[in-house]
Amino acid sequence: MTETTYLQAITMTLAEAMRADPRVLVLGEDVAEGGPWGATAGLAEEFGAERVLNTPISEAAICGIAIGAAQSGLRPVLEIMFVDFLTLALDQLVNQAAKGHFMSGGQLEVPLVLRTQGGAGQRGGTQHSQSLEAWLTHVPGLKVAMPSTAADAAGLLATAIADPNPVVFVESKTLYFRREEVADDLEPIPLGRASVMRAGRDATVVALSRLVGESLAAADELAGEGVEVEVIDPRTLLPLDFETIVESVRRTHRLVIAHEAVTQGGFGAELAAQVQAAAFDDLDAPIERVGAPFAPVPFSPPLEDAYLPGRADVAAAVRSAMGRQPADGSLEDR
Amino acid sequence: MWRIRVFEERVGELTRANEVHGLVHLSVGQEAVAAGVCGQLRYDDIVYSGHRAHGHAIAKGAPLERVLAELMGRADGLCRGLGGSMHLVDVEHGLLGATGVVGGNVPLALGSALANRLSGGDQVTVVLFGDGAVQGGIFVESVNLATLWQLPVILVCENNGFAEFTPRSAHTNVERVSDVVAPYGMDRETVDGNDVGAVHAGFAGFLARARRGAGPMLLECLTHRVRGHYEGDPVRYREALAAEEWQELDPILRLQRRGIAEGWLDEAGTARLAQDASEQVEEAVRFARESPFPPASLTAELVYAS
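Taken in order, these protein sequences are the chains called A and B.
Quick note, the first sequence lines up with residues 1 to 334 if you use the numbering used here.
Quick note, the second sequence lines up with residues 1001 to 1306 if you use the numbering used here.
Each pair of labels, with its calculated beta carbon distance range:
{"hint": "1", "chain 1": "B", "residue 1": "F1293", "chain 2": "A", "residue 2": "H138", "range": "24 to 30 angstroms"}
{"hint": "2", "chain 1": "B", "residue 1": "R1209", "chain 2": "A", "residue 2": "A269", "range": "51 to 57 angstroms"}
{"hint": "3", "chain 1": "B", "residue 1": "R1209", "chain 2": "A", "residue 2": "G125", "range": "47 to 53 angstroms"}
{"hint": "4", "chain 1": "B", "residue 1": "T1172", "chain 2": "A", "residue 2": "Q122", "range": "40 to 46 angstroms"}
{"hint": "5", "chain 1": "A", "residue 1": "E33", "chain 2": "B", "residue 2": "R1258", "range": "54 to 60 angstroms"}
{"hint": "6", "chain 1": "B", "residue 1": "S1169", "chain 2": "A", "residue 2": "N54", "range": "35 to 41 angstroms"}
{"hint": "7", "chain 1": "B", "residue 1": "A1075", "chain 2": "A", "residue 2": "S300", "range": "58 to 64 angstroms"}
Keep in mind the hints are simulated off the structure, nothing from the lab.
Ideal placement from N, C-alpha and C gives every residue a C-beta, glycine not left out.
With the hints as extra help, turn the sequences into a complete structure.
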């Protein structure tokens, strides 16, 4: 076992992919300097300026360049520094990358990985804190990965780079520096395979990214109340390991879906619709969703803290699904 | 040029007959650009085009019958019927793609040029776009990056003076597209885009240099869109050119006049060119009409590459 961080796992995986395959190149704003967190640190020194390309702040054009390079045989890993800035590149991602294979009748492939990161909690304000993954899951042709651990970040990134389709790899800025014990040899992880992070018989929590850790903490708390929660991290939203989720719901009869994104129109809405269609008769309670309120992320620290969904919200949603009052007897304002 | 002209006029008829479907943009009048540019390229050179792409595809080598089958949504179309008029792709002949979003093709060509440079090949990437694309931010981003990274890409602007329904003067104060790229130090030239000799000569110079890895460059071809923005456009926004005025400008008639004056073409030869083009186009119509529509299962099959 080795201790690493989510961020180091990404850096290591990029370097290994570049060593193994000369077609892999990295481009983005400030990537040769390592970027704001250091995700690409050391790559320019090892692989040179031809394969680690610093770009101007031109998200649309650099996304298009990455797509064109992918169509011509390279395997570019593009960094869009904040998922909020992906808005500037959406024509290229949605109209060019996602549809290239389809509208060419299968002639073109776009083996592109678009790394970006989202999430709030660092006082970034409205334009540097969003969780926009649900938009991406509405686009046929894209794949969307959203790892919550260092081992998953490494394993999924390696698979994404080898995939012949455009993969948006949504990292979490709040998880970057969390320490984690990982195996010495990290294996690639297939896209579309969920991870059961904790087994339980009473309720299923499907959580994304930062909310996975929050849900595990909620599960610890609920175990003290005699409620055993199963926590599932789907790890990729497109493709989605629906089987693992439905199988769990059929056993526990209760489902809570937790993500940091605004609840309305979030990925939880899609998952809830799919689960009720597949397992309506197995559900003993309405599906609960945990997410942010329908508002931009506020800047002021106490407001941001109040806005962000976390452990307590997940625990409350599970109690609600179980038909229970909170452990301390208080009625929560939900 | 004759093949493109006859093909597109036939496509216009087939559109009105509801045999060709969807949004169809014809390049009638602009054939000298397609012929003068794409006609000089190898199959392994890469071309990106836009929504008005039929001529570029044909001049790059795409078979007429497969282009037409695509426009008719048939299984034997270039893209198996999933692309349509604005999304022609023919990888075998180096047409990596037409795109329906104006200006969206320019950075793709830069990426292709980057790949060619890294692989050490001498292929050249060309992107064709209209003057309407130049006012988009992604054009300026791409010009900046192409010059910064000195990519072996040739930008070819078909400046037909109209962006959809609106004259260039109503969209920008910069009359010449070649002036837009001037501050970036990009090599540029503006030519009479209705004179295939001028287009050929201007492009040949750039091509020879790009073949050796130089770039980027911009060739602006001043031309004229005879038809509306799309088939069915009532063209209320401009006066059509008088017939005699157009005869002076028509790139095909101009080449014929030159050929006859220089003695390498005669009336019989002209008639033969027109006849050959008509026969090829009618053969393409027969082929496309006989091609089946693709199976409905194709839609789900092609969402992802495997």
